[in-house]
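Engineer: Take a look at the letters that make up each chain.
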Amino acid sequence: MRGRDTFGVAKDFVESVHGEIGCISCHKGQNVDEKDEAHKDMVKDPSEEGGGGVCRECHEDITSTYKDAMHYKLTGILDIVGTITSPHKMEDTLLPEAWELDCADCHASCGSCHVAWPAVAKGGLLDRHRFQKTPPMDKTCYACHGSRFAGEYMGKLGATADVHYEKGQMVCTDCHSADHLHNTQPEGVKRYYATKTIRCESCHPDAAKSGKSKIAMHNAHPDGTLACAVCHSNTYFNCANCHVSLDIKKPGQIKVIFPSEPLYTFKIGTNIDRTPENPYKYNLVRHTPMKKDSLASLRYWQAVLKGAPGPEDLVANYDALPTWNSASVHSIQRRTKQNSSCNACHGQKELFLTEADLAKDEPTANQKIIVKKIPSEIKK
Amino acid sequence: MKRKKTQGIFIAATCLGLAFAFGPVGSLAAQDTDPSSSCINCHTDLEEMDSYGAASSSGGAAIAG
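Each protein sequence line maps, in turn, to chains E and L.
Here the first sequence stands for residues 44 to 423, where the numbers follow my numbering.
Here the second sequence stands for residues 4 to 68, where the numbers follow my numbering.
One should not assume that every hint holds.
Part of the chain E face toward chain L, derived, beta carbon under 8 Å [unchecked claim]:
1) 50
2) 57
3) 65
4) 67
5) 81
No lab work stands behind these hints, which were simulated from the structure alone.
All figures in this text were calculated on a predicted structure; none of them were measured in a lab.
Where a beta carbon is used, it is the ideal one built from N, C-alpha and C, also for glycine.
Construct all of the structure, not just a fragment, from the sequences and the given hints.
Structural biologist: Put into structure tokens, the structure is as follows:
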């Protein structure tokens with residue numbers, strides 16, 4: 044999805060609280076009629092700098108935490124890239140350039156959600172510069188998360204939309220609160236370690252405790268065994284083989300391309316991100332589209348662009364992280380194929396991530412994720 | 004000496020009074036010249052702005068995650 048690259052401003056915005064500040068106060072530039080001169084030294088996104096920019100003047104409470112938040116710093120991606128390319132130093136590779144070309148598109152300033160389409164959607168203003176207190180999820184969240192969570196949630200990927208969207212008409216911020224999004228804890232490196240994320244039990248207390256539930260299947264599984272989505276999610280989108288490559292068609296026009304084959308799967312794996320907030324032994328897992336040679340083309344392009352090739356083994360530490368990872372699948376339904384009966388799951392080997400699902404050249408860390416013992420069929 | 008002092012106070016009070024009386028008029032006059040008037044004139048012409056948008060909206064979507 045992308046925005047429409049228009050910069051028309053509504054007259055009522057000019058009279059609003061933010062409009063009364065005046066264009067030049069935030070965007071700089073010159074107050075003259077001639078276009079080029081007017082745009083000289085203009086700041087397109089005045090909310091960018093330092094995680095708040097000009098917004099900081101009035102919204103210090105939010106910007107003081109947002110500068111360290113996951114959506115601003117992309118610490119999650121940065122941490123993974125740093126780990127799998129260790130011991131290489133970023134500055135010795137073409138990774139900083141690749142980061143700017145692609146990864147950084149998911150970086151969000153205040154304006155990326157509250158005023159304009161995010162960079163990845165390559166668009167202009169969301170609503171004629173009217174500030175959006177709650178960003179519209181179909182334009183902002185979906186722009187970056189459309190190929191996973193938001194796409195599933197809104198029914199654009201997979202078998203069904205999420206029941207919370209379909210019947211509950213809930214938007215992303217109903218669960219992912221502004222406070223959580225603006226103040227990622229702790230340090231925003233791994234989302235499963237966050238302590239402020241809302242839990243299913245917060246709204247469904249009756250389902251919470253094994254032995255105290257009205258639902259027999261909930262009572263049958265001890266606390267901390269299964270994440271809710273294991274029983275209540277439909278099939279979901281996966282990527283298989285991803286080879287990141289750079290494509291230079293014209294001088295100065297470099298594009299990152301991601302050829303990959305989409306898959307719809309359902310795999311229960313071992314949860315290696317267990318915390319008090321995420322205590323489940325089993326979780327759904329999704330394949331991360333990363334192969335050992337995924338960044339191989341950067342070596343060639345480093346030679347073209349910088350005069351010397353990059354490291355041969357850029358993803359030197361590939362085995363350190365699994366490519367099957369905990370998934371927060373957003374296609375929740377009350378009734379699913381696997382929860383239709385005990386034996387719809389028990390004894391159904393294809394629902395579980397096993398050795399047979401791993402490709403030959405996948406990282407050894409995947410061994411921690413596979414389920415060694417499939418729950419056996421229940422005899423009547 | 005006392006008369007001169009009274010005269011001084013009178014002049015100062017008159018000046019202050021004039022400043023207050025004409026102050027708001029001066030401020031209103033300044034507001035007429037909006038420091039962003041050119042930006043607003045151009046960018047609130049939605050038809051004109053959209054013509055730029057239509058011209059530059061080609062190209063594919065990029066969904067990252």
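Engineer: Look at each hint and say if it fits the structure.
Structural biologist: How the hints compare with the structure:
Of the supplied interface hints, the one on residue 50 of chain E holds, with its beta-carbon coming within about 5 Å of a beta-carbon of chain L, less than 8 Å. At its closest, the beta carbon of residue 57 of chain E sits 6 Å from a beta carbon of chain L; the interface hint therefore holds under the 8 Å criterion. Restraint check, residue 65 of chain E versus chain L: the minimum CB separation of about 4 Å is within 8 Å; hint holds. At its closest, the beta carbon of residue 67 of chain E sits 5 Å from a beta carbon of chain L; the interface hint therefore holds under the 8 Å criterion.
At a threshold of 8 Å, the smallest CB-CB gap from residue 81 of chain E to chain L is about 6 Å, leaving the interface hint in force.
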